[in-house]
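Student: Protein sequence lines correspond, in order, to chains A and B.
Those letters in the first sequence? Residues 18 to 354, by the numbering used here.
Those letters in the second sequence? Residues 18 to 354, by the numbering used here.
To be clear, the hints were calculated from the coordinates, so they are not data collected in a lab.
Please note: incorrect hints may appear among the correct ones.
You can't tell identical chains apart in this list, so a pair holds if it fits in one copy or across any two.
DSS-like mimics (lysine-lysine), calculated; alpha carbons at most 30 Å apart, straight line [what the hints assert, rightly or not]:
| hint | residue 1 | residue 2 |
| --- | --- | --- |
| 1 | LYS299 | LYS44 |
| 2 | LYS176 | LYS44 |
| 3 | LYS44 | LYS326 |
| 4 | LYS314 | LYS211 |
| 5 | LYS179 | LYS314 |
| 6 | LYS44 | LYS179 |
| 7 | LYS314 | LYS299 |
| 8 | LYS21 | LYS151 |
| 9 | LYS226 | LYS299 |
| 10 | LYS179 | LYS156 |
| 11 | LYS21 | LYS156 |
Protein chains: 2
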Amino acid sequence: MSEKMILLDHGSGGLASQELISEVFIKHLDNPILNSLEDSAILENPGGRLAFTTDSYVVDPIFFPGGDIGKLAVHGTINDLAMRGARPHALSLGLILEEGLLFDELERVIISIAEACREAGVYVVTGDTKVVPKGKGDKIFINTSGIGFVEEGVDISSKYAKEGDVVILSGTMGDHGITIMTRRAGIALQGDLKSDTMPLHRMVAALLKGLPGDIHTLRDPTRGGVASTLNEIAENSGLSIEIDNEALPVRPQVNAACELLGLEPLYLANEGKCLVIVSGNKADEALRIMHGTPEGKEAVVIGKLVAGKAGRVVIRTPVGGARVVTPLHGMPLPRIC
Amino acid sequence: MSEKMILLDHGSGGLASQELISEVFIKHLDNPILNSLEDSAILENPGGRLAFTTDSYVVDPIFFPGGDIGKLAVHGTINDLAMRGARPHALSLGLILEEGLLFDELERVIISIAEACREAGVYVVTGDTKVVPKGKGDKIFINTSGIGFVEEGVDISSKYAKEGDVVILSGTMGDHGITIMTRRAGIALQGDLKSDTMPLHRMVAALLKGLPGDIHTLRDPTRGGVASTLNEIAENSGLSIEIDNEALPVRPQVNAACELLGLEPLYLANEGKCLVIVSGNKADEALRIMHGTPEGKEAVVIGKLVAGKAGRVVIRTPVGGARVVTPLHGMPLPRIC
Numbered sequence: 018m019s020e021k022m023i024l025l026d027h028g029s030g031g032l033a034s035q036e037l038i039s040e041v042f043i044k045h046l047d048n049p050i051l052n053s054l055e056d057s058a059i060l061e062n063p064g065g066r067l068a069f070t071t072d073s074y075v076v077d078p079i080f081f082p083g084g085d086i087g088k089l090a091v092h093g094t095i096n097d098l099a100m101r102g103a104r105p106h107a108l109s110l111g112l113i114l115e116e117g118l119l120f121d122e123l124e125r126v127i128i129s130i131a132e133a134c135r136e137a138g139v140y141v142v143t144g145d146t147k148v149v150p151k152g153k154g155d156k157i158f159i160n161t162s163g164i165g166f167v168e169e170g171v172d173i174s175s176k177y178a179k180e181g182d183v184v185i186l187s188g189t190m191g192d193h194g195i196t197i198m199t200r201r202a203g204i205a206l207q208g209d210l211k212s213d214t215m216p217l218h219r220m221v222a223a224l225l226k227g228l229p230g231d232i233h234t235l236r237d238p239t240r241g242g243v244a245s246t247l248n249e250i251a252e253n254s255g256l257s258i259e260i261d262n263e264a265l266p267v268r269p270q271v272n273a274a275c276e277l278l279g280l281e282p283l284y285l286a287n288e289g290k291c292l293v294i295v296s297g298n299k300a301d302e303a304l305r306i307m308h309g310t311p312e313g314k315e316a317v318v319i320g321k322l323v324a325g326k327a328g329r330v331v332i333r334t335p336v337g338g339a340r341v342v343t344p345l346h347g348m349p350l351p352r353i354c
Numbered sequence: 018m019s020e021k022m023i024l025l026d027h028g029s030g031g032l033a034s035q036e037l038i039s040e041v042f043i044k045h046l047d048n049p050i051l052n053s054l055e056d057s058a059i060l061e062n063p064g065g066r067l068a069f070t071t072d073s074y075v076v077d078p079i080f081f082p083g084g085d086i087g088k089l090a091v092h093g094t095i096n097d098l099a100m101r102g103a104r105p106h107a108l109s110l111g112l113i114l115e116e117g118l119l120f121d122e123l124e125r126v127i128i129s130i131a132e133a134c135r136e137a138g139v140y141v142v143t144g145d146t147k148v149v150p151k152g153k154g155d156k157i158f159i160n161t162s163g164i165g166f167v168e169e170g171v172d173i174s175s176k177y178a179k180e181g182d183v184v185i186l187s188g189t190m191g192d193h194g195i196t197i198m199t200r201r202a203g204i205a206l207q208g209d210l211k212s213d214t215m216p217l218h219r220m221v222a223a224l225l226k227g228l229p230g231d232i233h234t235l236r237d238p239t240r241g242g243v244a245s246t247l248n249e250i251a252e253n254s255g256l257s258i259e260i261d262n263e264a265l266p267v268r269p270q271v272n273a274a275c276e277l278l279g280l281e282p283l284y285l286a287n288e289g290k291c292l293v294i295v296s297g298n299k300a301d302e303a304l305r306i307m308h309g310t311p312e313g314k315e316a317v318v319i320g321k322l323v324a325g326k327a328g329r330v331v332i333r334t335p336v337g338g339a340r341v342v343t344p345l346h347g348m349p350l351p352r353i354c
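Bound-form chain A, shown alone (with noise of 0.2 Å):
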């Protein structure tokens, strides 16, 4: 491993500049369209709808089992814009960069980044550097936009949930959240827990094709989790959640962990996971087309939306007991993404 560092020189629009974007940027990004280094990108458009997203990730570690900073930055915007019912079509990179990074460990975030644009089919078109002296930052932030196109006739937002629909989550709670937080606190897991950092866009692409029309909301449960998330939904479309307790999936490690440090996995971040709102008489073909991807193959129905207060979100017991779930509050977890 070389110990060259990124420099404030770097950051200048000079020489160093031009060196780091042709040594790292355009290296492993490479496409056209990015290495024409012009001020914007062009791109063609098919017409129709754009979606557009942003994200800044700050998490710390940098480096963590199942992922690094720069997957999450490509997975998360890709999920921001699936969300909405596009199709990723091209991401901006916007790097802060703190003097002294490892040239090796930007590299490794870049090829990183580079593997997971391929893998979901997405281009980075257009980036910018920037260095902030040593002590001003922290390793490395990372910016990514996004644009998607969304095809005639969907139409997927949080205000569209509807009484009777069913709330179908796409798999386990809290892994990408515990990952950190171990991680962070030097804490050592049994077996293998890692984040789930992935995109959706594909599980959602299957999802509008098999049942278009009866996918009313797509979210992600990132930072604030499900328990928020469910919050949001329940408050935009006017209406209750009722959740069932013995449906929510958790492995047995975020469980442990979750009783360990006092958490709650409702609450916890998830990067490759996503709550849908189906009709409640297409809950089971959602669940065959959701099973029948890698991303969803452990989905399952945990609730529904009921008339009653807009925005409660209650949590239903097998021996009949409720709790009320509110957003979460007064609870930092910075960095988690």
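Dock chain B against the given chain A, drawing on the hints supplied.
Tutor: Then chain B, alone, in the frame of chain A:
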């Protein structure tokens, strides 16, 4: 001024995040697309090609004469779109806040963003906020990405500069760079020098309308200054550029500060200037159009594209001297934008 501060919890995705979004972001950036607070914004699409760009802003100090980091983030990204001949349409806003940032300072920046958007006729349609622990960032870093639409027939690129084309600079060099550097060094300049931060899309639209097909290249000389940008144009077009030393416009205060600090105006950052490469026989008409706009009223011809070694930029002095101008090298001017 209130002492209310940004806490880690404001980046958690829970209730504190929601309060920040409604009390600051929605309050000032108010528009129907942003207000829906979905994972992505959905934009109507007039067809044609899209321009897409990204830039992160890490300027220090965040408030300076003539502007602040918020205005810079709006203008800079608008200008990157305009430099490809695109009509700026929508912006994303990604914030990385340092724990302890004063709420009032954040709000001041957001108000400034809102004003700059209104003035330029663009909208922030999607956003994201992360909070990093104290000492892991520096007050506020902003990423804005932008989407613009490119009209049929418009095709602007640094590779289209042709032999015989004339180089116009839209105004004086180095106002932004010297404003930031002297502010940071605690040097008080005589007079009222301030950053030139300003959106250039209206001047560009006037040029493209008045001289369709004759505007070959547009570039804004930000980091690295006019010298680095001219080198890129010469490189990409495969030509040489000759610059007339006497024609280069520099304000007296900037010249004085450059002498004091041992700097060269050609390498200083600008945030409201552009280089226009236009067919030689249309240079007078281009100047006339630019002089009719507030952004270009000080525009001057500074040189021309000539056959010769690809990528070579030469400055000629009245007494017949000539020197080669290289891109910025080994001169770190961090956090100028």
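Student: Please go over all the hints and tell whether each is borne out by the structure.
Tutor: Results for each hint:
1. LYS299 with LYS44: The answer is neither: 46 Å in one copy and 39 Å across copies each exceed 30 Å.
2. LYS176 with LYS44: between (43 Å within a copy, 21 Å between copies)
3. LYS44 with LYS326: Answer is between; shortest inter-copy Cα gap is 26 Å, intra-copy 55 Å.
4. LYS314 with LYS211: Intra 17 Å, inter 59 Å, cutoff 30 Å: intra-copy only.
5. LYS179 with LYS314: Close inside one copy (25 Å), not across copies (57 Å); limit 30 Å.
6. LYS44 with LYS179: between (48 Å within a copy, 29 Å between copies)
7. LYS314 with LYS299: So LYS314 and LYS299 pass the 30 Å test inside one copy only (17 Å; across, 63 Å).
8. LYS21 with LYS151: both (15 Å within a copy, 27 Å between copies)
9. LYS226 with LYS299: within (13 Å within a copy, 53 Å between copies)
10. LYS179 with LYS156: Neither, since 45 Å and 42 Å both go past 30 Å.
11. LYS21 with LYS156: Both: 14 Å inside a copy, 28 Å across copies.
Of the hints listed earlier, those the structure fails to meet are numbers 1, 10, in rising order.
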